[in-house]
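Since the structure of chain A is provided, determine the placement of chains B and C on it from the hints.
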Amino acid sequence: MNYFLSIFQTISTLIIGMSVTLGHMLKIRKGNVTLQYPVERWPRPERDIGFSPDSYNVIRSRLTVDMDDCIGCLKCERACPVDCIKIETHKVEKGEDITEANHTGVTSNGTTKRLLLTRFDIDMSECCYCNLCTYPCPEECIFMVGGPNSTRHEIDYEFSEYDRNDMIYRFSKVPPDILQSYVQENK
Amino acid sequence: MVDFYINLFSSIEFIKSYQSSIFIISVVLAGIPIFGFMAVNALVAVYVERKVSAFMQDRLGPMGHGVGLHAGKWGVLQTLADAIKLLTKEDIIPDSADKKLFLLAPCIIFIGSFVAFAGFPFNEFLVAADFNLGLFYILAMSSVGVIGIILAGYSSNNKWSLYGSMRSAAQIVSYEIPAALSLLPVVMLSGSLAFKDIVFAQTGSTLGILPNWFIFNNPFMVVAFWLFFIAGVAEVNRTPFDLPEAESELVAGWMTEYSGMRWAFFFLAEYANMFIVAGVATIGFLGGWLSPIPGYFDGNIWGVFWLVSKTSFLIFVMMWFRWTFPRLRTDQLMRMCWKFFLPGSFFVIIGVGLWDLIMR
Amino acid sequence: MGIKINNQNTHNSSDEEMVLNIGPQHPSTHGVLRLKTITDGEIIKKITPYIGYLHRCFEKHCENLTYEQAIPFVDRCDYIGSMNNDFGYAIAVEKLMDIQVPEKVEYIRVIVAEMNRIASHLLAVGVFGLDVGAVTPFVYCFRDRERILDLFEMLCGARLLYNYIWVGGVSHDFPVGWVEKTYEFLDYFEPKIIETNDLLTYNKIFIERTADVGVIPPEVAISYGVTGPNLRGSGVKWDLRKNETYSIYDKFDFDIPIGTGAMGTIGDCWDRYYVRIRELEESLKIVRQALDQMPRQGDIYESMPKKIRPNAGHIYSRTESPRGDLGFYIESDGSATPSRLKLRSPAFTALSCMDEISKGWMLADMLTILGSLDIVLGEIDR
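Protein chains in written order, with this note's numbering: chain A, 233 to 419; chain B, 3 to 362; chain C, 0 to 381.
Only chain A is shown next, with the shape it has when bound in the complex (with noise of 0.2 Å):
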């Protein structure tokens, strides 16, 4: 009697998988969850995120630094995991712009800069997207592009490179060649 129950069950079974299958290749077109990508794309998610928007980064993308607010007190740097924030400062004149080297003297928020940067490199390829550098910034001039940033920087979700030096994102504006001038000031 298992015997018969068996198969019976066994074909019964079957047939209601291979239904539920069937039904799926007849509906394709409306079950379909492909995006057939450099196409269509997937919507990004929503710009109005929170009941403060401004209030915080939500979008995990390439991170950026608005180098006119930043007064380089080294907080992200700690912050970071990772380690894939490097900073070098140089001690200039409080509030001072310095034009040959892209430096102003004063912040969009009004604080004063005491710190030329000579340096601010951050390593994307090392990045492991926690975002938690971007919250001590006090001026807030380290932000992940897009979503509610989209103002400041436009969005960037795809961004890739050929040589794995090129994921390296070098912020400082220095010129290169005024660069070596301060460096050797520090020796």
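Take the hints with a grain of salt, since some may be wrong.
As the list claims (entries may be wrong) - With a cut-off of at most 25 Å between alpha-carbon atoms, the simulated SDA-like pairs for lysine to any residue come out as follows:
1. Lys44(C) to Arg337(B)
2. Lys341(C) to Gly224(C)
3. Lys323(A) to Pro407(A)
4. Lys161(B) to Pro26(C)
5. Lys341(B) to Leu183(B)
6. Lys180(C) to Arg273(A)
7. Lys305(C) to Glu371(A)
Unchecked claim - Covered stretches of chain B, as calculated for chain C (at least 3 residues, CB under 8 Å):
8. 31 to 41
9. 54 to 60
10. 128 to 142
11. 236 to 248
For the record, the hints were derived by calculation from the structure and aren't laboratory data. Virtual Cβ for every residue (Gly too), placed ideally from N, Cα, C.
Chains B and C alone, transformed into the frame defined by chain A:
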């Protein structure tokens, strides 16, 4: 086709005397279209399999879109690109492999299905070699491949391959028996082993509307059809019986160490075997090249169309199985064969015999 | 020629036995795990799991990281259930610092943790199907899991490694429209469980492959320290969400599914699988209740400490992650970094009973059993 060529060449005056070369040339001329058909069959079947699997899984499968280098609209060029890739790929022979056997194995597997195709009729006339033992010949030839599988597994000197080939040998040898036994009712009803006679026995109509195919002949034949079809699926190593290659257990089974061209031969043979199994089921149970509406759309060209479309439907069912079911275990596979399929086919033989005796 | 048997490493070697190295690169080892298997034909004689291919020095590394900085690394331990890992870690540090988080934060945490449990179980179910040979259920499960990941991306910007639950709070409040979309997902997902049942759970071939296979008797499970769905599959009603209620799990009405041996013996692979299917339903229930009860207003940053500097002391706290009993032992010396952090991994204990339960089964069954244990190598190797 071979006979046709031999007659043709024999009728030409100045080459009539070279009998042996006429035979060889005729065989080659008849073989080339088979090879072409096998290649086209694999190309189309792989594409269809990808699309079927994709649609069953809510995906789109290979697609080409927009500008740039891509696989054409709906990805139709995908398998062609795959074929080019396989042909141009580096041919790797493992250091510790038994080189001669390693090279021999794909040839045997390919030749097995190629030779089986020789006896396969596409319509009344379109058959490479017309035997009066066609059914028996195909059943015999389609199991030649197992030697190649064992050789491939043994010569690779890889434990996964050995497992795969061991499983495969046990499986194919076992499932030969129910497959052959469940074809016996067909032979009983038609009284012949030749494909031509089997199909001719199915002409006409039954119960008024249905075509007089063997599957509609009596209820036992329906069982016989499914027994043969499922045993055939097991013989060509498709899911749920794909234990020899079982990618989640044995990585790729007996073809783990093969790559490029040689692997392509395995692939070609697999899809050719699928076609043969589905084709034999079509001829034996579904009326072969006869039209589903008796009396209409019959003829040689229509015959090829009906045969290929019925066979394609059965191949689709195989794909449908593959993308729905989990895989069986070795002992369950054997149990299914010896405890369910073998008694089942005996039961069907007796049933068909009694039915035929009483109803006639 | 033929197969060279390496006799040096075999245990009680004879000519019949063969050493088969499954992994580190194998489709069914769920990561980089190597199983040294001694086989006799298809029969398994002995299994020795070799772990450590994914070792990242998580525990030692944490001694050099501040408490906030450790969270991205906690995420990466069990990368399938990151939210639950964060949850466990946050609870441990909060206990150490005596922080009481606001009610709204508790609700948010429970919702995201249960959503992540659904995602994790979906992966477990789908991959288990793949181990048994069914490809399509796997794709269906991934399709639904993708919806959850989309919700998480909307919530915190990341799809897999969230860094969302922080000590004393969460990183973001629910964005506008998130709650509605989650309700939408719940409505969408309920029928999909039935579909999976039709396609896989009650499939006769699947039952044949999984029922009676790899039975973990309750006493063996307890003695090996197996927890989570694997323990419940053996018929032991033990769930930290009920037995040692943490957070606000006492406010919700949900069952603890246990293995009943419906298709074979209690504690077989099918039971473990089915417990996960049932837990999907229970998690859906919890998420629905939590969304209904959640206070809509409130400050999520209220209890978040400015500086995490716990007093000297130590704490062991455990939570129920999708894989089982996830424990954190943290020892603080009063500085900004923990002086010792230990993670008690549920997948590790599940893997440890592998040899005991898969002896005598076939090679194919061994991979079924491994799949039913639902291990994540990121958590085992740490």
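Results for each hint:
1. With a C-alpha separation of about 23 Å, the suggested pairing of Lys44(C) with Arg337(B) holds against the 25 Å cut-off.
2. For the suggested pair Lys341(C) and Gly224(C), the alpha carbons sit about 17 Å apart, so the restraint of at most 25 Å is met.
3. For the hint linking Lys323(A) to Pro407(A), the alpha-carbon distance of about 17 Å falls within 25 Å, and the restraint holds.
4. Between Lys161(B) and Pro26(C) the alpha-carbon distance is near 16 Å, which keeps this suggested pair within the 25 Å criterion.
5. For the proposed pair Lys341(B) and Leu183(B), the alpha carbon gap of about 14 Å is at most 25 Å, so the pair holds.
6. Pair hint Lys180(C) plus Arg273(A) holds up; C-alpha atoms about 20 Å apart against a cutoff of 25 Å.
7. With a CA separation close to 18 Å, the supplied pair Lys305(C) and Glu371(A) stays within the 25 Å bound.
8. Chain C is given as covering the stretch 31 to 41 of chain B, and this is violated because 0 residues of the stretch bring a CB closer than 8 Å to a CB of that chain, at least three being needed.
9. Counting residues of the stretch 54 to 60 of chain B whose C-beta sits closer than 8 Å to any C-beta of chain C gives 4, which meets the bar of three, so the coverage hint holds.
10. Coverage of the stretch 128 to 142 of chain B by chain C is violated [criterion: at least 3 residues with CB-CB distance below 8 Å; count 0].
11. By the rule of at least three residues with a Cβ nearer than 8 Å to a Cβ of chain C, the coverage given for the stretch 236 to 248 of chain B holds, with 5 such residues.
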